[in-house]
Amino acid sequence: MTRQAARARRSELHVVDPVPALQAEHPPRRCFQRIALVGNPNVGKSVIFGALTGAYATVSNYPGTTVEVLRAAARADASVEVIDTPGVNGLTPNSEDERVTRDILLGGVDAVVQVADAKNLVRALVVSLQLAEAGVPFVLVLNMMDEAADRGLAIDATALSAALGVQVVPTVAVTGHGLKAVGEALGAAAVSHYRARYPVAAELALLRIERLLSGFPVGPRWLALMCLAGDDTLRPWLQQNVASADLVAIEDAHRETQARLHGHVRYQLNRARIRAAEELSRRVSRVRSDAAAAPSATAAREIAVGVMALAACVVLFAADLGLIGEMASGWPRLVAWLCVGAAGVAAYQSGEMRAAVGRWASQRGTGIAVLGVVLYVVYRFVGVFAAGTAVAFLEHTVFGDYVNPLLTGVIDRAVAAGPVAGVGAQATRLLRDLLVGPYGLVSVALTYAFAIILPIVSAFFLCFSVLEDSGYLPRLAVVVNRVFRGMGLNGKAVLPMVLGLGCDTMATLTARIMETRKERVLVTLLLALGVPCSAQLGVILGLFGALPIWAALVWGAVVLGVLFAVGFLAARLLPGERSDLILEMPPIRRPQLGNIVVKTVGRLEWYLKEAVPIFVLGTLVLFALDAAGALSRIVRASEPAVVGLLSLPPQAAEAFLVGFFRRDYGSAGIYALFGRGLLTPVQAVVALVTITLFVPCVANFFVIVKEHGWRTAVAMSGFIFPFAFLVGGGVNVALRAIGLR
Amino acid sequence: MNADADKITCAVCGTRFSEDEGRTCHVECPLEGRCQLLSCPYCAHEVPAPTRLTRWLSRRFRRTAA
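As they're listed, the protein sequences go chains A and B. FYI, our numbering numbers position 406 of the first sequence as 406, with every residue one higher than the one before it. FYI, our numbering numbers position 1 of the second sequence as 1, with every residue one higher than the one before it.
The shape of chain B in the complex, shown without the other chains:
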């Protein structure tokens, strides 16, 4: 598994970050365990955390594009 390919690119500032880096906001949040959003460590723009469904969709689209 290529960790760099799995990184998320922030749509606002272009920072590439891993899921773990995006979850740092969860430590302080009352929704902690249940929130499915990640936060860009640089500008804080939020993106949904990848799930099995979105990973499957990504793979499908990547394959189609290839």
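Just chain A, with the same shape it has in the complex:
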């Protein structure tokens, strides 16, 4: 049986005829002039638009925006205009797309075809509830029923239709199944009277506002909800259509509700709507019992592959720790890697296997195991392969044997030949030092950027692109959410923490997506304190490749322990509430080569454009300080902390100094010191812990100033700077006390 035939057969099992709505309550409307297609992004609206209209569509930007809206005449009646609106997740706008869709509805449509992804019913019902509040007649098209069935999800369309009071049409748009019924159902589009219940304070305010907003083509409750949520994009419409005195009354109601709900009105309204959608979804859908029971043979195979991969990683990890002597090299290690590779191939080829990995990656216990496997593979690829092979070649062969000696030779010959025309001998020597001296632009800035960091971050970005394209990141957020919940960080606060692994500066900006000041300040502090940026994490992983495995474990335990302890204490000292994490889980996908290459190249381009100038600037500052004799004084002044407390060589102070410019630059300095044999493994771990917990880079500091003001930024830095050295000193004492060197 072909795949298409199989899909059609599956869909026959679950696609039923359109379900008649409660006709008595909602008489059918048939005189349409404008019909709008509304739905979440990527639910198959375009296919249904094509089915309703035929081939000729007008594409135009919505006035004043870059958002495209498709319009065409209906196939059944050319006088009816069908509008394909941009994908939305709600009708209280959070984006330009949502604003355009809201405005189209606000302009008046005769009926709406809501297209839903049957696999994500809750997300669709959130929009349905808002259409109900808008008082717009609509039909609900449950698309992708075959994919829902594949996942064992059965939706009782009759019960859903009865609950909403509108027609519900199950379809499989890609095969055309059920599309004919959409047109037929549209003739009986009806207004839904299903309502979400909001907090009492909000309901009372809604009553007051609704009275002021009657007489418009859309429902007053929807308009009132937007006013209550503080939707600024509605203001121009209100100013045009509502009397000034009524506007003042609406503002008053909004302010009072804000005060009664502690400033979280929009969040509370969203929560109530999602709860109502979840409750309705629970009533009308179930996971098929045969689907739950079916996996016996498949599930056994999936579990076997998963256990094999996990066991292979555990064995390899134990071998890295030196617990299994025979595994240190040779064929047992090869077999273990083959097992990991076989699991990867199985996940790449089999949809069931990918679905299983997706489930494991977001569940409580198995999520940590999957994260462990991911971290281990990334560590081996970045730390051992990229840092061991690529860096050695670029640093020692390309730069060490060719670039630096060549440039040094050219400049030395120029100096020996006498002063360059118009430039004194001293200035010529200064020029030599500026390029290839101990703080030279080529010997330090470019060598660090291209020979040390570039190969490491290339490998790291490659891994990150694979994880990103596979759909693992939302699952990582869910797993990290559970881990961090204990420290008082919840929900959206976790996203910036995970995203901090990209760029701390941007993650600090994104902390504003959280509702409470407590979470905003807490996340900013933790980001500045101990969340490494992607480039720094890459360099740290690279150095771990050359260190014993206990070094990585100690670093991870200390940094996570500090984050947890500081977060736990700060959450209890700062007053405020927590918020929830609401994230849609995409399926685990097969990573596409094109996407991986484009994303990796894009990140590398970004990195080179942003980091290299700052490396040059940092090196120039070091050079200037050295030339002015100030660098040795700074190094001497920092000796009590760097040499006394951390037991590091005095040169480590220079790495900390450039760490002010960029943390990865400071980490690269430590990497170079270790490469030159100036650091023992214990010293390397102490230095890495200190630089990870070190003050935020310049860009991050100024973002903190901008977001929270000078006082908070200075207070955070004032706490972080000594704290990093104290923790580094503690690690130094503890490691030496147990006999490590």
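Keep in mind that a hint or two might mislead.
[Unchecked claim] Heads up, incomplete: computed chain A residues facing chain B, CB under 8 Å, no partners named:
#1 PRO41
#2 GLY87
#3 SER95
#4 GLU251
#5 ARG255
#6 GLU468
#7 ASP469
#8 LEU473
#9 PRO474
#10 ALA477
#11 GLY594
#12 VAL597
#13 VAL601
#14 GLU610
#15 ALA611
#16 PHE719
[Unchecked claim] Restraint-style ranges between C-beta atoms, simulated for each label pair:
#17 THR9(B) x ARG71(A): 18 to 26 Å
#18 THR9(B) x ARG364(A): 46 to 54 Å
#19 ARG55(B) x TRP337(A): 48 to 56 Å
#20 VAL410(A) x ARG55(B): 34 to 42 Å
#21 SER46(A) x THR51(B): 40 to 48 Å
#22 THR51(B) x ALA311(A): 41 to 49 Å
#23 GLU19(B) x GLY108(A): 27 to 35 Å
#24 ASP20(B) x VAL621(A): 30 to 38 Å
#25 GLY675(A) x GLU19(B): 39 to 47 Å
#26 GLN349(A) x THR9(B): 17 to 25 Å
#27 GLN426(A) x GLU19(B): 46 to 54 Å
#28 SER46(A) x GLU19(B): 17 to 25 Å
#29 THR51(B) x ARG364(A): 38 to 46 Å
What the hints contain is simulated information worked out from the structure, not anything from laboratory work. Backbone N, C-alpha and C fix where the C-beta goes; we use that ideal spot for every residue, glycine too.
Given chain A's structure and the hints, the job is docking chain B onto it.
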């Protein structure tokens, strides 16, 4: 040029957004003009802004896939 095809899909939350929407974070950032990253307007996940090189690569891969 199809503006919808040029939209970027967030790898974390699936939101599709234009380059301009992704640049709203630049207004507040000290790196403003030089930063090549875009930020998802819904969840703030960052992606590198398309460049001439990445656009060329995308076209090549799209053609190969077709």
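Outcome of the hint check:
1. PRO41: holds, 5 Å
2. GLY87: For GLY87(A), the interface hint holds, since the closest Cβ of chain B sits about 7 Å away, which is under 8 Å.
3. SER95: holds, 5 Å
4. GLU251: violated, 26 Å
5. ARG255: At 26 Å from the nearest chain B Cβ, ARG255(A) fails the 8 Å test, so the hint is violated.
6. GLU468: holds, 4 Å
7. ASP469: holds, 7 Å
8. LEU473: holds, 5 Å
9. PRO474: For PRO474(A), the interface hint holds, since the closest Cβ of chain B sits about 5 Å away, which is under 8 Å.
10. ALA477: holds, 7 Å
11. GLY594: holds, 3 Å
12. VAL597: Holds: closest Cβ of chain B sits about 6 Å from VAL597(A), inside 8 Å.
13. VAL601: Holds - the Cβ of VAL601(A) comes within 8 Å of chain B, reaching about 6 Å at its closest.
14. GLU610: Constraint on GLU610(A) satisfied, holds at 6 Å.
15. ALA611: violated, 11 Å
16. PHE719: violated, 22 Å
17. THR9(B) x ARG71(A): 18 to 26 Å: Holds - the Cβ-Cβ distance for THR9(B) and ARG71(A), about 24 Å, lies within 18 to 26 Å.
18. THR9(B) x ARG364(A): 46 to 54 Å: 28 Å Cβ-Cβ, so the 46 to 54 Å window is violated.
19. ARG55(B) x TRP337(A): 48 to 56 Å: Violated: the Cβ-Cβ distance is about 37 Å, outside 48 to 56 Å.
20. VAL410(A) x ARG55(B): 34 to 42 Å: holds, 38 Å
21. SER46(A) x THR51(B): 40 to 48 Å: violated, 28 Å
22. THR51(B) x ALA311(A): 41 to 49 Å: holds, 43 Å
23. GLU19(B) x GLY108(A): 27 to 35 Å: 32 Å Cβ-Cβ, so the 27 to 35 Å window holds.
24. ASP20(B) x VAL621(A): 30 to 38 Å: For ASP20(B) and VAL621(A) the Cβ distance comes to about 36 Å; the hint holds.
25. GLY675(A) x GLU19(B): 39 to 47 Å: Hint holds: Cβ distance 40 Å, inside 39 to 47 Å.
26. GLN349(A) x THR9(B): 17 to 25 Å: Hint holds: Cβ distance 24 Å, inside 17 to 25 Å.
27. GLN426(A) x GLU19(B): 46 to 54 Å: For GLU19(B) against GLN426(A), whose Cβ atoms are near 50 Å apart, the range 46 to 54 Å holds.
28. SER46(A) x GLU19(B): 17 to 25 Å: Given a distance of about 22 Å, which is inside 17 to 25 Å, the answer is holds.
29. THR51(B) x ARG364(A): 38 to 46 Å: holds, 41 Å
Comparing the model with each earlier hint shows violations of hints 4, 5, 15, 16, 18, 19, 21; every other hint is respected.
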